[in-house]
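The sequence shown begins at 64 in our numbering and counts up one residue at a time.
By construction, these hints were calculated from the structure, which means they are not laboratory data.
Be aware that one or more of the hints could be misleading.
What the hints assert, rightly or not - Pair by pair, the computed Cβ-Cβ distance ranges are:
1) G303 to Q215: 37 to 45 Å
2) G263 to G168: 30 to 38 Å
3) T304 to A198: 45 to 53 Å
4) L71 to Q230: 34 to 42 Å
5) G132 to E302: 28 to 36 Å
6) V287 to H218: 38 to 46 Å
7) R180 to D294: 47 to 55 Å
8) Q234 to R94: 29 to 37 Å
9) V287 to R112: 26 to 34 Å
10) T304 to R270: 47 to 55 Å
11) C69 to A176: 31 to 39 Å
12) K173 to Q234: 43 to 51 Å
13) Q215 to D294: 21 to 29 Å
In this text, a Cβ means the ideal position worked out from N, Cα and C, and glycines have one as well.
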Amino acid sequence: MGQARCALELLLSDDLAQARIQARYLHNLNRQRQALEAEVLKQAESMIRRRGLAARSVLVLAGEGWHPGVIGIVAARLAEEHHRPVALVSLENGRGRGSARSIEGFHLFKGLAACRRALHKYGGHAAAAGFELAADQVAALQDLLEQAFHTQMGHEPPRPALKVDAQIELQELDRAFNRHLETLRPFGPGNPAPVMVCLGVQCLGSRVVGQRHLKVQIAQGGNVLEAIAFDQAAHHPLEGTLDVALGTRISHYQGRTSLDLRLLDWGRP
Numbered sequence: 064m065g066q067a068r069c070a071l072e073l074l075l076s077d078d079l080a081q082a083r084i085q086a087r088y089l090h091n092l093n094r095q096r097q098a099l100e101a102e103v104l105k106q107a108e109s110m111i112r113r114r115g116l117a118a119r120s121v122l123v124l125a126g127e128g129w130h131p132g133v134i135g136i137v138a139a140r141l142a143e144e145h146h147r148p149v150a151l152v153s154l155e156n157g158r159g160r161g162s163a164r165s166i167e168g169f170h171l172f173k174g175l176a177a178c179r180r181a182l183h184k185y186g187g188h189a190a191a192a193g194f195e196l197a198a199d200q201v202a203a204l205q206d207l208l209e210q211a212f213h214t215q216m217g218h219e220p221p222r223p224a225l226k227v228d229a230q231i232e233l234q235e236l237d238r239a240f241n242r243h244l245e246t247l248r249p250f251g252p253g254n255p256a257p258v259m260v261c262l263g264v265q266c267l268g269s270r271v272v273g274q275r276h277l278k279v280q281i282a283q284g285g286n287v288l289e290a291i292a293f294d295q296a297a298h299h300p301l302e303g304t305l306d307v308a309l310g311t312r313i314s315h316y317q318g319r320t321s322l323d324l325r326l327l328d329w330g331r332p
């Protein structure tokens, strides 16, 4: 979104007053981007639920009015959450501009090459790509990209291997942690989001949300937090002492920023 020149001018400016004006402009632009991103993510997740797409090996989703500047970010978040390739398409006047993100093992550019008859043009690399197509070719792209996935990977997405970055205590997941985490962004193939392990937490209980997901309460040393485990509703009810692997996601809603916990995996001590 916007132009890179403003950010460059801010970095090069020796006029403090002008730099502050540019900083405020960029801050407001970033807030707008966050709001657009949150709305596209909300609509995309709703599509997955309503259309029962969770079982598909590849997710191809399209929406009118989705800002082309944020669909790549949202595709990356969905690919991480659902552990499968995701392509989002912004539709306007019968045409679509798409952005796709992959998972380890699936070469996305080669996958799109196998779909070229449904595309006007495409480009990218193994992990990320962009493309353009006619709006009426979105369904064809879904089928062709899924076929390409099966050719490369077989018929089931591989189970992700977790690489743990640090062992922590629940009490460390506070606002200061949130601020430090923000300085590490953006996350992506070359800079994966950190994974923390927390040993010996008490799972106080769980509940099913959205029919497929599991929300749990975990406690340690008087600290109680909630975490969500995507596509793990079959493990309800979950209780007892656990060693847990946690990921984090920054959420922006109505001008407020919060740290959401994801329960990535767990085991009994």
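Status of each hint after checking the structure:
1. With their beta carbons about 39 Å apart, G303 and Q215 fall inside the hinted range of 37 to 45 Å.
2. Separation of G263 from G168 is about 33 Å and conforms to the stated range, judged on CB atoms against 30 to 38 Å.
3. Between T304 and A198 the CB atoms are about 52 Å apart, so this pair conforms to the stated range of 45 to 53 Å.
4. Between L71 and Q230 the C-beta distance comes to about 40 Å, which sits within the given range of 34 to 42 Å.
5. At about 44 Å, the CB distance of G132 to E302 disagrees with the hint of 28 to 36 Å.
6. For V287 paired with H218, a C-beta distance near 41 Å keeps the hint of 38 to 46 Å intact.
7. The beta-carbon spacing between R180 and D294, approximately 32 Å, falls outside the hinted interval of 47 to 55 Å.
8. Here the CB-CB span from Q234 to R94 is close to 30 Å, well matched to the stated 29 to 37 Å.
9. Checking the proposed 26 to 34 Å range against V287 and R112 shows it holds: the Cβ atoms sit about 28 Å from each other.
10. Take T304 and R270: their Cβ atoms lie about 19 Å apart, and the range 47 to 55 Å is violated.
11. Take C69 and A176: their Cβ atoms lie about 36 Å apart, and the range 31 to 39 Å holds.
12. In this structure the hint that K173 and Q234 lie 43 to 51 Å apart at CB holds, the actual value being about 46 Å.
13. Between Q215 and D294 the CB atoms are about 22 Å apart, so this pair conforms to the stated range of 21 to 29 Å.
Violated hints, listed in ascending order, are 5, 7 and 10; each of the other numbered hints is respected by the structure.
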